[in-house]
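Enquirer: These are the residues of each chain, in order.
There are 4 protein chains.
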Amino acid sequence: MSNSLFGALFDRGAADTSNEAWLQAMLDTESALARAAERAGLAPPGSGAAVTAVARVDFLVNENLSAAAASTGNPVPALVKTLTGLLPADSTAHAADAIHLGATSQDIIDTAAMLIARQSIEAILTDLSTAAASCATLTRTHADTVMAGRTLLQQAVPITFGLVTAGWLTALDEARRRLHEVRATRLAIQYGGAAGTLAPLGDKGPQVADLLADELDLLAPTLPWHTNRLRVIDLAAALTSACAAVGKPARDITLLAQTEVAEVHESSPGGSSTMPHKQNPVAAIVILGHTKRAPHLLATLAAAAEQEHQRAAGAWHAEWEPLSDLLRLTSSAASWTADLLSGLKVDAARMRANLDATHGLLMAEHVTALLAPAMGRLEAHQLVARATVRATAEDISLADALFADEQTAAKLADSKISQLQLQTTLAPTTYLGATQQFIARALSAHEEVEADLAPKRPT
Amino acid sequence: MSNSLFGALFDRGAADTSNEAWLQAMLDTESALARAAERAGLAPPGSGAAVTAVARVDFLVNENLSAAAASTGNPVPALVKTLTGLLPADSTAHAADAIHLGATSQDIIDTAAMLIARQSIEAILTDLSTAAASCATLTRTHADTVMAGRTLLQQAVPITFGLVTAGWLTALDEARRRLHEVRATRLAIQYGGAAGTLAPLGDKGPQVADLLADELDLLAPTLPWHTNRLRVIDLAAALTSACAAVGKPARDITLLAQTEVAEVHESSPGGSSTMPHKQNPVAAIVILGHTKRAPHLLATLAAAAEQEHQRAAGAWHAEWEPLSDLLRLTSSAASWTADLLSGLKVDAARMRANLDATHGLLMAEHVTALLAPAMGRLEAHQLVARATVRATAEDISLADALFADEQTAAKLADSKISQLQLQTTLAPTTYLGATQQFIARALSAHEEVEADLAPKRPT
Amino acid sequence: MSNSLFGALFDRGAADTSNEAWLQAMLDTESALARAAERAGLAPPGSGAAVTAVARVDFLVNENLSAAAASTGNPVPALVKTLTGLLPADSTAHAADAIHLGATSQDIIDTAAMLIARQSIEAILTDLSTAAASCATLTRTHADTVMAGRTLLQQAVPITFGLVTAGWLTALDEARRRLHEVRATRLAIQYGGAAGTLAPLGDKGPQVADLLADELDLLAPTLPWHTNRLRVIDLAAALTSACAAVGKPARDITLLAQTEVAEVHESSPGGSSTMPHKQNPVAAIVILGHTKRAPHLLATLAAAAEQEHQRAAGAWHAEWEPLSDLLRLTSSAASWTADLLSGLKVDAARMRANLDATHGLLMAEHVTALLAPAMGRLEAHQLVARATVRATAEDISLADALFADEQTAAKLADSKISQLQLQTTLAPTTYLGATQQFIARALSAHEEVEADLAPKRPT
Amino acid sequence: MSNSLFGALFDRGAADTSNEAWLQAMLDTESALARAAERAGLAPPGSGAAVTAVARVDFLVNENLSAAAASTGNPVPALVKTLTGLLPADSTAHAADAIHLGATSQDIIDTAAMLIARQSIEAILTDLSTAAASCATLTRTHADTVMAGRTLLQQAVPITFGLVTAGWLTALDEARRRLHEVRATRLAIQYGGAAGTLAPLGDKGPQVADLLADELDLLAPTLPWHTNRLRVIDLAAALTSACAAVGKPARDITLLAQTEVAEVHESSPGGSSTMPHKQNPVAAIVILGHTKRAPHLLATLAAAAEQEHQRAAGAWHAEWEPLSDLLRLTSSAASWTADLLSGLKVDAARMRANLDATHGLLMAEHVTALLAPAMGRLEAHQLVARATVRATAEDISLADALFADEQTAAKLADSKISQLQLQTTLAPTTYLGATQQFIARALSAHEEVEADLAPKRPT
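Residue numbers (our numbering), protein chains in the order written: chain A, 526 to 984; chain B, 526 to 984; chain C, 526 to 984; chain D, 526 to 984.
Check the hints yourself; a few may be wrong.
For identical chains, the list gives no copy identity; a pair is met inside one copy or between any two copies.
Capping the alpha-carbon separation at 20 angstroms, the derived lysine to aspartate or glutamate pairs in EDC-like fashion look like this [to be verified]: (1) K941 - E904; (2) K729 - D669; (3) K606 - E904.
These aren't lab readings, by the way, just hints derived from the structure by calculation.
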């Protein structure tokens with residue numbers, strides 16, 4: 526049936542972790558190995574091409590590998606047999622010798638996983654790049670859009686929305702850099718044979734390994750890594766960081782889109798069949814539905830790194846689906862995020878209104894600093910504290926509250942602090958500190974990331 | 526394509542968590558609600574039957590709910606619309622009013638999850654029952670099969686294999702009891718409408734809720750539990766306990782089947798395409814590949830229990846796939862275990878040989894106890910300690926080592942401890958303590974579980 | 526140094542999981558075992574009392590068990606030696622024989638863990654009981670306090686605050702029931718000796734085990750559970766459920782206390798040294814700082830349940846600190862929650878104001894239901910949808926928006942729907958559905974829990 | 526009391542995550558900030574030195590910061606007040622202005638965490654360096670020590686122990702490289718003030734931030750990272766990788782030290798009070814007791830990365846203890862590992878004996894390769910398969926089994942394959958493939974790591 530129930534939500538990215546993709550990646554590994562074997566002189570000329578010609582997932586549609594997979598504990602032996610059977614009758618004799626040469630099942634599955642990971646990372650990087658570009662645009666557009674900074678879910682001091690998106694941008698860029706790094710330095714072939722010695726190849730093992738890496742454009746590792754799973758942890762951690770980076774704007778947007786806050790809106794919020802007024806931030810919500818799972822998939826993979834001897838009895842098997850899931854979910858979340866950020870609607874007026882709703886209380890720190898030189902820090906703090914209570918109680922501005930108090934008004938007069946000066950101090954725009962400098966830093970760092978990542982991406 | 530790549534290994538149980546099963550469970554919830562509405566007088570006579578007649582997943586094959594699911598954040602609104610469209614033209618007007626009455630999407634998905642959970646638990650309980658029965662048989666058969674007890678992966682003192690399987694049995698029975706309990710006391714309908722008040726039904730909400738529970742044979746909860754996810758934690762914890770219970774024999778069997786130990790073998794071990802001598806304990810390995818994932822799925826669900834207000838923005842969505850996965854994996858692991866244990870081959874001779882390989886060292890504690898009354902605990906301990914060193918060094922038995930030492934031999938003679946007496950003390954069968962009593966307790970407790978669970982299971 | 530840095534926040538409960546508590550629990554286990562041995566006739570009269578007299582943690586202040594613990598991998602051997610040394614010279618000879626009789630280190634640590642768990646559960650249940658009582662009071666007080674129900678962080682339909690707290694109450698009660706159940710049915714002694722046979726005791730093992738259970742008022746298990754860790758999972762899951770139950774009000778309170786929502790406030794919110802206006806909901810925040818960790822501690826313990834043979838090589842050791850942490854954190858969170866809920870300040874006026882701020886949009890569903898009979902569901906829906914757009918755009922009420930539209934006004938007149946009738950329909954109090962019934966159910970269920978738990982608690 | 530119960534096992538490393546260390550790190554941050562403020566001209570000359578002089582944890586022994594920490598939700602406000610109070614009376618007026626300038630509590634705690642992390646990483650790197658050196662030595666010593674390679678806990682084909690330790694070495698080196706990288710590129714100061722704008726400093730925020738970074742020799746980040754926790758994930762993932770790297774030898778050693786395998790032994794195995802023959806691999810076991818916890822602490826921290834707005838309400842607080850725990854456990858595990866590997870005893874004779882115990886079955890693949898050219902792959906495989914069955918059944922060598930079969934013997938004669946030739950083929954040393962090449966690669970990569978890491982380490 527065509528109704529992928531949750532897949533519609535959680536498999537939205539371009540990463541392909543389907544059964545077909547896995548099978549093709551395994552076939553690609555086998556055919557690359559055949560070509561490597563031929564290049565090393567261990568298989569007859571033409572056998573690489575012969576195997577490559579038949580190593581196509583669409584040739585397997587009528588095969589049933591499942592039952593065989595269950596009896597051996599993994600799908601490779603059945604796949605190898607099937608692949609051999611696909612060779613044309615005349616070439617079989619020779620080309621068959623090139624198939625699976627010196628390899629163990631884990632070599633094929635681990636290398637396939639790296640191919641799947643590479644394709645997924647490409648997909649994720651593309652979406653994260655789009656998301657980052659949107660963030661950069663939002664940052665430039667809203668560099669001066671004043672809003673309330675919120676800490677512990679309470680309004681704290683003024684910031685600008687551009688600073689918020691600069692924060693999102695910086696995290697996205699960090700995640701991109703790390704994913705890029707993992708792709709470039711940690712995705713390696715697996716090729717060690719039964720117990721990591723490549724014994725059937727005599728002393729030609731490392732040579733074939735290097736050729737296999739060359740064929741697949743993956744790294745050749747120092748050693749087979751059958752039970753050294755640090756590459757998997759690095760990969761999973763980078764994916765989890767990417768999820769954290771997209772989870773941050775999603776979390777903020779669900780909060781900023783609250784009915785009572787209403788500072789941002791999704792371009793296509795989800796409706797309700799019964800409540801016509803509902804404007805659910807569906808994308809942000811669904812992204813959180815992805816990202817909340819990543820830490821646990823990471824933990825699954827990290828815990829599975831305790832592997833016995835030369836091949837693990839269970840821990841390796843525990844990696845397959847979770848790694849697929851983590852790649853899929855990260856890609857899907859990145860795809861949702863690219864859309865979410867490109868269409869985000871920002872209500873600057875509402876941001877300002879929410880900031881002003883507390884009548885200048887967020888400027889209390891600033892006002893205190895203004896009064897302190899004249900009357901000492903302690904007294905200034907006390908006067909302002911008293912005024913904030915009055916402002917809240919009487920629903921008046923902090924400035925009015927200060928002047929409403931006779932004693933304070935007198936002190937202010939003594940100190941030559943005019944009401945105008947005070948009003949100025951209460952303007953949020955006067956208390957933004959390093960906001961613009963930080964925004965400039967973030968945009969500049971973003972350009973560096975763009976420059977660093979761009980040329981290294983395959984064309 | 527029919528090649529479920531990893532599914533062949535990880536979807537072997539009878540639990541059905543497929544897209545089709547989820548859709549049918551949602552349709553079953555909708556049709557039960559229609560019937561409940563009719564029974565409460567809120568929908569015209571016949572509307573329940575009319576809805577029920579069309580609420581079949583096979584009627585949806587040509588529908589595409591995926592795109593719609595993505596735009597609303599869940600598949601229910603599209604499903605409701607499709608279901609309504611399936612009603613015959615003449616009945617539509619009235620029966621349509623019975624569809625989704627007062628419900629919110631979460632009501633349908635959560636209730637469907639409970640239906641999926643119930644079917645899965647049934648499947649799991651059936652397999653665990655088979656597994657427990659095999660354990661009970663193994664326990665009776667091998668009550669006297671002496672082997673080395675091993676602590677910290679070192680041989681410790683003698684036990685019997687029946688005591689080992691009694692331990693497996695007890696854990697399986699505990700897991701069964703808890704799963705049964707969760708099914709009986711925690712699987713409840715979800716029905717609260719938009720925000721848990723069932724407002725569209727006026728004061729008839731609780732009545733319809735009770736009727737819905739009745740229709741589906743699920744519990745009616747005190748309150749809608751939209752953001753009280755303790756039921757999900759209880760369910761997930763019980764599933765994780767079941768995984769722990771089947772992971773234990775799997776772990777032990779991989780260890781007992783080691784080439785160097787070789788005390789048990791699977792009935793159908795997996796071969797290797799290149800190494801004809803390999804006898805891999807495939808079932809045990811694959812089971813561990815399941816069970817190692819359960820704790821993290823449990824953590825995902827427990828962490829997702831932090832849910833906002835009356836419906837969570839993301840945390841609820843994060844539950845869907847993990848709950849499906851946990852049900853599927855537990856069922857699959859239980860199915861593998863039922864097969865594994867029913868066919869387990871036990872090599873009693875090898876068990877005895879491994880026990881004897883250390884020349885009676887495991888009896889050192891017992892020998893010390895024999896000598897202590899005659900010569901004091903301290904001296905006895907020293908004599909035996911010296912003898913164990915000699916026995917190991919000279920590859921002789923502990924008894925021979927004791928008598929080989931002139932001083933010790935003299936002391937033993939003084940103490941009237943004959944070589945025969947000593948030999949008897951060195952017999953592992955004389956040092957099994959409460960083994961038989963514990964086995965009897967485990968079998969008796971097992972019978973109680975059988976009795977307690979049997980009548981409550983639907984026929 | 527006395528400055529427990531984070532302990533001030535995270536060790537606030539009455540659960541005692543300190544080093545001293547653990548040592549005392551181990552000593553209590555040893556002395557109970559000595560008494561049990563004496564009762565079974567395996568130790569001389571008076572030895573139980575002699576051991577009990579010296580098994581006090583304050584007698585160990587000058588001992589250093591740490592180094593010895595490191596060399597054997599656990600602290601028990603050194604503790605046993607120290608305890609033996611504490612016996613008075615004349616009694617040593619005999620009473621020493623009663624110490625650690627037949628036991629292995631794991632027996633002492635596991636049983637001590639159960640004692641620590643019991644004390645912790647008592648402490649947690651006391652705090653949860655206080656929290657639940659506060660919830661019940663809030664529920665009664667605010668049964669009619671209308672507020673906006675919020676789904677996906679958007680205002681949805683009206684509810685009352687009493688219904689919110691009824692939801693908190695129900696979860697707290699479920700968690701209490703389960704903790705109570707675990708205490709009553711899962712906390713058992715551990716006593717199996719080296720490999721679970723209690724071999725040194727001959728056939729008296731089960732008898733001594735039963736006496737030990739009697740001495741400690743813990744359950745006697747079917748079998749020693751050295752490598753069957755389902756009890757630990759059950760315990761940890763119940764604690765995690767308790768954390769989920771207290772995390773829910775904490776999450777809601779942080780959201781309801783947001784500056785822009787301001788519907789509830791803590792009695793003693795935390796200030797800021799620089800921002801005098803800050804009113805941070807410290808208790809709720811800190812509670813979340815606890816509860817977010819519980820799922821991962823649960824996962825640690827569940828993953829550690831894969832234990833080898835008769836004693837695990839590492840997995841058992843991985844349980845000790847996490848179990849301590851989970852007990853401590855749950856107790857601490859429960860303690861914070863008891864305080865948080867007892868002092869919670871509710872701003873009913875602000876709740877109403879927030880509800881009204883959307884000009885009746887939350888009643889759109891209700892208005893549609895009013896119009897539908899007169900003009901058909903479809904047209905009613907369209908009219909209302911159009912009116913909601915106008916109401917939002919012109920900042921007028923939904924009723925005014927409906928009448929402002931000439932066509933609609935005409936239709937309403939035709940349908941004999943008066944403006945008064947419409948105003949009534951727009952009153953949130955007319956659309957609360959089963960709110961009071963659900964509240965009554967929750968309070969009634971709460972009374973049942975009180976009754977069920979009360980008599981079983983030790984006096 | 527001085528008896529750190531579990532700390533003796535789990536706090537063995539040189540990482541200092543004690544309360545005192547945390548307080549000192551916070552004080553170091555405050556004093557560095559005072560110096561930075563002075564350098565920026567924002568505090569009077571001498572104030573940096575004045576604050577630094579009193580910012581010592583031993584000056585706080587009589588203070589009680591705990592209660593205050595609970596009321597504000599973190600210990601910083603009380604610490605700042607105490608620190609200010611410690612300034613000498615005459616300097617207070619001015620130097621006090623330099624304290625906590627522009628900072629928020631999170632700035633101090635996060636920066637302190639980075640200082641704790643740096644010290645811990647240094648400690649971990651030192652121990653991992655020692656462990657790696659031992660691995661390199663073992664690798665050189667045992668490059669030719671033949672043993673059975675084991676996959677899925679079954680003997681597979683021959684390897685050497687040097688290849689095993691080369692695998693350990695490679696993982697340790699990868700973990701070291703990543704930890705080093707994280708220390709160099711990800712440990713940054715946190716300094717953003719209330720909401721990340723450093724508003725009180727006007728436009729001098731970034732300058733002071735850079736000076737603070739300079740004072741502490743930490744990185745200056747692009748932006749304050751209050752709610753961008755990717756640094757924490759990177760740090761935690763690197764620590765978890767280190768745990769995986771030390772968990773691997775620990776797991777292998779527990780398996781290789783099994784009574785039935787007995788190929789390696791710890792230098793100081795742990796005894797048992799009652800079983801004198803027990804030689805428990807205590808260090809390896811305890812290391813696993815550490816490493817099994819790391820993935821869950823990583824998950825805790827990764828899940829906590831979903832942080833709201835400009836400061837998280839709970840998720841940040843959830844990081845403190847777990848990060849401390851992860852640093853402590855990784856350091857402790859690394860310390861245990863350094864000792865474990867430096868003293869590891871290898872029984873080469875037993876390795877050979879275990880390999881030979883299967884009578885050449887591990888060479889079946891090799892023999893098949895020898896026969897295939899003469900009689901075709903299929904027939905060769907069948908002959909060998911038949912011979913392996915016979916060899917096992919009759920407890921004779923594979924060579925003898927082949928010649929014992931008349932038909933096979935005839936074929937071998939036809940093929941001019943002599944018994945000598947066959948015997949040679951059965952020698953494990955003839956089937957080690959790339960073992961030496963891989964060992965050389967690992968040692969060479971190790972030297973690169975040594976070179977790369979050495980100069981960058983502080984002297």
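Enquirer: A separate judgement is required for each hint: does it hold in the structure or not?
Expert: Consistency of the hints with the structure:
Taking the shortest alpha-carbon separations for K941 and E904, only the intra-copy value of 16 angstroms comes in at or below 20 angstroms, while the best inter-copy value is 66 angstroms. In this homomeric assembly, K729 and D669 come within 20 angstroms of each other (Cα to Cα) only across copies, at 19 angstroms, whereas the closest approach inside a single copy is 64 angstroms. Only between protomers do K606 and E904 lie at most 20 angstroms apart by alpha-carbon distance; the minimum there is 17 angstroms, versus 86 angstroms within a single protomer.
Checked against the numbered hints above, the structure violates none of them.
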